[in-house]
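Listed below, chain by chain, are the residues.
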Amino acid sequence: MKRHFFYKTFGTYLVIIILSFFVLNLFVRDEIKKIMTAQIEEQLMTSARLIDLNSPKDISRQLQQITGISGARVTLIDVQGKVFADSEKEVAGLENHIDRPEIQEARVRGRGKSVRFSKTIGVDMLYIAIPINEGATIKGYVRLARPLHDVKEAGEKSYNSFFLALVIVAFISLIIAVIFSYRLAAPIKEMERFTEGLRRGTTEGSIIIKTSDETKKLADNINYLVIELKNRIRLANEENSKLVTAFASMTEGVMILDADDKIEAVNRALSSMLASRYEDIAGKTLLEAFRNVELQQAFLKFKQTGQSVFREVALGDPEPVILNVSISGIKVESGNAKTMVVFHDITRLKKLERVRIDFVANVTHEIRTPLTAILGYLETIRDGAINNPEEARKFIDIILKHAQRLNRLVEDLLTISRIELGEVNFHFEDISPADVINNVLPVIDPKAKSKRIEIDNLIPEKLPLIRADKDRLTQIFVNILDNAVKFTPESGKVSISAEETNGFVLVGISDTGIGVPKEEIERLGERFYRVDKTRSRDLGGTGLGLSIVKHLMIAHGGKMEIESQLGRGTKVFLFFPVMK
Amino acid sequence: MQEKRHTSSHYETELREVKNGLIYLGALTEKAIQKAMNSLLERNSELARAVIKDDREIDQLDNELEDRCVRILALRQPTAIDLRFITTAIKINGHLERIGDMAVNIAEKAIMLNEEPQLKPYIDLPRMADMVGEMIKFSLDALVNNDVVLAEKVRHKEQVVDELNEQIFRELLTFMMEDPKAIHRAIIIMQISKNLERIADHAKGVADMVIYLVTGESVRHQGCTEGEKE
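For the record, the sequence lines run as chains C and A.
Numbering-wise, the numbering used here puts 338 at position 334 of the first sequence, and it's gapless, one number per residue.
Numbering-wise, the numbering used here puts 1015 at position 20 of the second sequence, and it's gapless, one number per residue.
Bear in mind the hints are in silico, worked out from the structure with no lab data behind them.
Just so it is clear, the structure is predicted and the values come from calculations on it, not from any experiment.
Please note that the accuracy of each hint is not assured.
Computed list of lysine-lysine pairs in BS3-like fashion (alpha-carbon distance at most 25 Å, straight line) [unchecked claim]: (1) C:307 / C:288; (2) C:354 / A:1026; (3) C:522 / A:1026; (4) A:1086 / C:522; (5) A:1026 / C:355.
Sample of chain A residues lacking proximity to chain C, with all beta carbon distances greater than 12 Å (derived) [unchecked claim]: (6) 1039; (7) 1048; (8) 1071; (9) 1207.
Quick reminder that beta carbons are idealized off the backbone N, C-alpha and C, glycines included.
The shape of chain A in the complex, shown without the other chains (with noise of 0.2 Å):
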């Protein structure tokens, strides 16, 4: 849609403030789960309250984008790529809102865990934190650069991801067990981990929407085929 002029340089500027927007809040939830996750690992408490009080910005953003794509949706009734770019916004846009809220899951736990001693030294979760970081990093690059390919590897990274979450499950199963006052902890740790996994489930929804914007193809409840899968 960046690509082709329209009669209308008003309506260009605002498709391009529409994504411009996404980027930009696609930024800001990259850094809140930056922060949520390096307030878990340097149990840093102050550093998860910075992540819950920025929230409030990526939800105004949301609210913001949401406004601007409807006001062009009953004004400019947009036709074709545009419509569709449009509508993936409006998607993405929600996507991205509720890894934010995520984020701060995160670190809502983080200071719960920060209050106690550490229950083991994390292994999976950073790297699992790592993978869910990169996920949302390529589907902002894919959404940048319109780039499929990108977006393709977003969606087979979402499988890694899942069976990372399994096996903490499996590992904190044993610390229970072993000890019952780990439980609590061992329950945050769990959710922690849930809640990356559902990140990763939202950055492949943006991946999939980059994928319908460029191609017109929806992916999003197709599995990947098993060549694909890592």
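Pulled out of the complex, with its shape left as it was, chain C reads as follows (with noise of 0.2 Å):
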């Protein structure tokens, strides 16, 4: 950088110095040799005048006298050309000389001169001549003939002494590039520097230049830039953050498909909502990815209309989540537009609505069942079995068993929204499950007994106590040992086990009953939910026994878990947290 600056300016400089020279050189060398040969020509003239060629016997001697003034050759030449003297040479051996320029000149303007270069000696030789008259006529002239090596020689001179001073002005010259390069590079190539350290990001702050010229002009105006910049880059990284921690953290399933319909990203929510369920669905198109035909068929509308579009589709089978979708495209300013799926999980809320619809349904159906029963029966006795005391007395016996389940179930209702509102009270002590079991046991022996049901109790002796509400631990084995009971073919069988496991004791209820299919398994917690509808209320239950044990474990800080193979029986885990 600096050093292209040195050639630039320095040789700028040389060129202009080497023209001048050159230019300088032609016209004054050329000046100097008119004015010596002037000069010379002008002596020459006076000498050539001083012959007189009216004493023709002094003529040999009078041209030495002119040759040892001038130093210049001296010819006498008569009218017809011919040389007649000459102070040199000897006259027989020369030629005509009437055709040289000089003679031609003497004798139409009255004096002659020429320069021509001479072969023999090598320098320019001058020539003058001027006409010998006798009143009008000529009669001869005088040619005088001096070489110009004093001319030549002054024009040598001058030639040396412009050199040496181009020599020395291109000297001074070479020092001043050299300054003013350095002076003109030094902060442009400071700025260089400092933009490329920002190029690589290895240099901060600003730059500072100390000159008060364009380039300091140059330099804030870079300062002000690279502030610029870097506030844009700050705002643009901030919003890139937002925006990734909002695609990254946000609830919702978030996917991009890139301009050939292919998935692009996908963010960790969706990423979660279909483990398992889908592997490996980077790069491939939607179709591809879930094949699912309302999933296409959304995103071929938005295809074709360009606007969003929302829709509710199930994906992943056999247990489906099901997503609230919408489909809308990304605006770009130049290039294919992209777009974005937001995924919504609403099985959850799917799930609950079903629960709630079941549940008013269910308990409409259980209420209307005893009531159709003893409306039935109350309007058979006023029309006329009132008159009959022992039928009445067998249909008040049959609406008092209805009455009553109808307050079984009411008063089961009532402890559930008790047990969730947490307005029941619990006296929690520290007791022993298998005290508790051996109580309730009697409870079941005789329904057992009359299935020909074999109970078996393998409660190993020593068993942490766990803290519980004794009556309330009495209801959830009632619960679950009655359903395994019931639930039981004739000959068949119950055992219960318990063990300690992480900090939980763990009963264990099962049976060799009909067994729940594997998808109702989760749903048997809710209220009046019945996996068989027609077969579990002939066995007299209200569906709430089940509902009330899930509450009740939980509000003793323990869960429920079941287990269960369709006809060949179920197991139920009951998991007490131990005393500490």
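Grab the two chains, each in its own frame, and use the hints to assemble them into the complex.
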């Protein structure tokens, strides 16, 4: 950079110096030559006029004399051009001189002059000639010839001094060029280094330039741009990290499709929504990844209309996630548009909705059945059976039974809602689950015996105490054991076991009953939920037993888990936290 | 055929459209089977009627896809892997359309069964339906991903479905012998089972085509070797 500047400035100087040298040299040398030649010419003229032809005997002496004064060769020529006297050469060998330019000029103008290069001595020769007049007629000519040695010398001298001047000026300009180029290049070099550092990200802050010319302004502009750029980058980064955080932390699943409709990015929420249902969806189209008719139709609709599309879609088998999907375009300034697909998981909502609908349907059904019976029998009694005490008594018994059932139902419902609302007062004490079960067994026994069901009590003697409300714990075991006996066919088996695991006392009650289909297990704790709608009601339940157990277990800080195989039997696991 | 670029991007698009069409058709048939089986297991005739109605879309897409393939054959004269793709696409298209028809058959039978009391709780039939559903899913996954290993898996499952079909047959036979009134319902259930078994055959057909498409080897009429059996 600095060198470039140096070469450029110095080069320019040098060209100008050399050019001026040649031009000056050319003009000055010529002028010097001219002046000197003119002086010599005048001198020779004066000498030539000294010749006096009227005394011919003296001619030779006169010639010698003139040569002595002027240092020139003197030649006398007659009108025909014939040389008749010469100061240096023998007259005999000389040719006719009439056509020499100086003679011709002298004949016409009265004086003649010519400069010719002499090959014999290698310098310019100056010839001058004047006519010798006798009255009005020309008798002959005097010619003086002199080599111009001194003129040549003077030219060479001027050339040499010019060259010396050239070298001196060139040297000075070199120094100036160095200084100048350094001063010009230094700030530019500084700016270059600074911007290079910025580009690589190794430089910070701003650039300081000491000069006050245009480079200073340039540096100021660079500083301004740097600050501006930093601000923009900071803003963009901020904006970006906001978006990235939103993308990663939002509960909605988000997916970006590239211009070829292939899946480009998926956020964490969506990955976990789809986990274990779909693998390896990156780079595929929606159709390839999910192969879902509704989703594809929604996507095609979006593609056709270009407007956002909302659709409810169930993805994945056999336990689908139900998703509210919205598909919309991402506007971009150039290039092909991308697509954003947002998935909102409404599986839980749907489930709750289903539970609620089922609950309302069930509760009305459960209440209506005994009510219908009660109303029916009451009408029968009123319409005549009242007069037949025996019949009436039988009917009233039935009415009573149904009324009791209704009462039980309402009681159970109240219990659940009280537990849920936290209105039940528990009297927690440290008790042994084995004792409670031993108390419950006599209650269940008669029912089991009537179906020839064997109850196996495998509870070990030594179990840690658990913290529980004795009455509620009794209710839990009664409900579970009652269910086990109820849903086990004749000659079946119910076994009770217990162990301590991970800070819990685990009581397991397994039966060899009819079992529960896999997909219905998780709904078992719902109020009124019945697996087989017809059969279990025949067996006389309210449909609330397991629901009560579930809520009681939660109130005890424990939980209930159920495993079941259709046709093989069911296992209920009750986890009670160990008393500390 | 989608990895390499053709000189004509329009040709490229045409081929991709065929593949997308096949996958979409697959999605439709997959859904049809699911719905048909649910209509039977949940005794929901409404759902069954929806399956019968939706089959029109499957038939329409089948025609459209075949037209497209024929047009590509005629206009583009595909060679090498493209030719293989188009010919297999035509066959897969046929298989999928037939699966759709079977779903309709099952739905029709479900409507008939739903009008009578249930003969027995279905145990093997849902298992068979699950397995067949899985075969279709795997064969379509294999098509999407050009996955030969998955296609081989489908081929092996077909055997299991055959065995289940026979088991259902024998079980229903005992029902029929016990109670002549059960014969009508038992026969319908047998037909459903038979339909499922044929769907499994078609799913295997799709898998065979995927293997042919990827490897160029025809495995259509080979059974699986003893060692490969599940």
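Looking back at the numbered hints, which does the structure fail to meet, lowest number first? Hint 4 alone not satisfied by this model.
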